[in-house]
Amino acid sequence: MERIRQTIEKLKIGDKIARVPIIQGGMGVGVSRSSLAGAVAAAGGVGIISTAQIGYDEENFEQDQEGCNLRAIRRHIRRAREIAGDTLGKCSGLIGVNVMVALKHYREHVKAAVSAGADVVICGAGLPLDLPELVEGSDTKIAPIVSGVRSCRLILRQWAKKYHRTADFIVVEGPAAGGHLGFHMEELEKFGYTGADGQQENPQSFMDDEIRGIIALKEEYENEYHCHIPVIAGGGVFDHQDVEHALSLGAEGVQVASRFVTTYECDASDAYKQAYIDAKEEDIRIIKSPVGLPGRALYNTFAKKAEEGAYSVKKCYQCLAKCNPAKVPYCITKALVDAVKGDTENGLVFCGANVGRINKMMSVQELVNELAGVTTAELI
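In terms of numbering that gives the first Met the number 0, the sequence shown opens at residue 0 and continues consecutively.
Source of the hints: derived by calculation from the structure; they are not laboratory data.
Only true hints are included.
Taking lysine-lysine pairs in the DSSO-like style, the calculated list, with each CA pair at most 27 Å apart, reads:
(1) Lys161 with Lys11
(2) Lys303 with Lys189
(3) Lys272 with Lys287
(4) Lys303 with Lys340
(5) Lys304 with Lys314
(6) Lys333 with Lys103
(7) Lys272 with Lys304
(8) Lys287 with Lys333
(9) Lys333 with Lys272
(10) Lys304 with Lys333
(11) Lys340 with Lys272
(12) Lys321 with Lys103
(13) Lys314 with Lys333
Using the sequences provided together with the hints, build the complete structure.
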């Protein structure tokens with residue numbers, strides 16, 4: 000029983016505490032919003048709302064994307080807290096947001112989340128070198144998503160030098176993650192994720208070493224700033240065994256995304272969830288994204304046509320800071336919105352490397368219990 004108790008130890012991020020050390024990964028567009036994040040927080044974890052085109056279904060989105068997104072950020076944080084029971088003082092988890100650095104209005108999204116009372120802000124798809132500035136004066140905790148020691152060191156050095164502070168926690172995301180990946184195509188080939196021939200490196204062994212390296216690195220900053228910086232392992236975390244493995248390396252929690260898609264509470268359409276359940280390992284591919292990073296997605300009709308250059312961008316939705324509609328292979332906003340609404344053949348369906356192992360729907364509470372290796376009674 001001692002081993003299980005270690006697994007479900009609370010996750011402490013500064014003065015904020017989640018009853019279980021599970022962070023639900025941010026998934027845009029519209030996959031992880033208030034319904035999912037609120038349910039995860041109610042189950043004791045950290046529920047994360049993705050701000051990427053979060054207002055896609057708001058009135059007037061076609062004419063005013065950014066106004067709709069900022070309004071939706073505030074609305075979904077408020078609604079997630081209501082779902083989690085926080086207004087009654089019963090919330091046992093935390094509510095946060097994931098903001099992509101690659102977004103055109105990244106800074107505005109972070110500030111909107113802070114003003115709405117987000118417990119945490121997690122930033123990836125780029126280096127959030129100015130993130131401390133955006134949360135200054137608030138109680139919101141911040142974390143970068145990093146792929147290894149190198150990017151982590153760069154961010155922590157910058158934050159220390161310019162802002163005289165460090166991260167509140169660090170999310171380490173491996174190459175088995177879904178959506179945008181912090182690895183070059185050559186690295187993904189080396190790990191055997193692209194089908195290329197040649198000598199391959201074990202991605203799990205690689206990430207184990209990176210996690211250990213980041214734990215050693217963050218200890219320098221813990222000593223300097225007299226604080227504790229939890230390291231969270233993500234990317235391919237599927238079951239309780241994966242959780243235990245991450246904790247055995249010294250991580251204090253895990254980030255899980257794809258498995259939360261097939262929960263009843265997930266904000267995506269039923270058709271989107273069914274696409275995950277129906278997917279097989281051979282249906283997954285690494286694709287080129289307009290964000291400038293490789294991405295992992297289902298190889299559906301859309302992905303095949305995008306490879307062939309069959310799409311042209313007819314309308315710009317002002318989502319990415321460095322997007323030239325005349326040069327990108329497709330409009331990522333339209334592709335993701337089409338998919339989350341239910342057109343999973345003609346839209347972009349991001350997924351993790353283990354999506355082929357998902358075969359059923361369940362509640363968020365059931366999934367949290369499974370990942371923690373306990374019953375609901377043991378979590379109380």
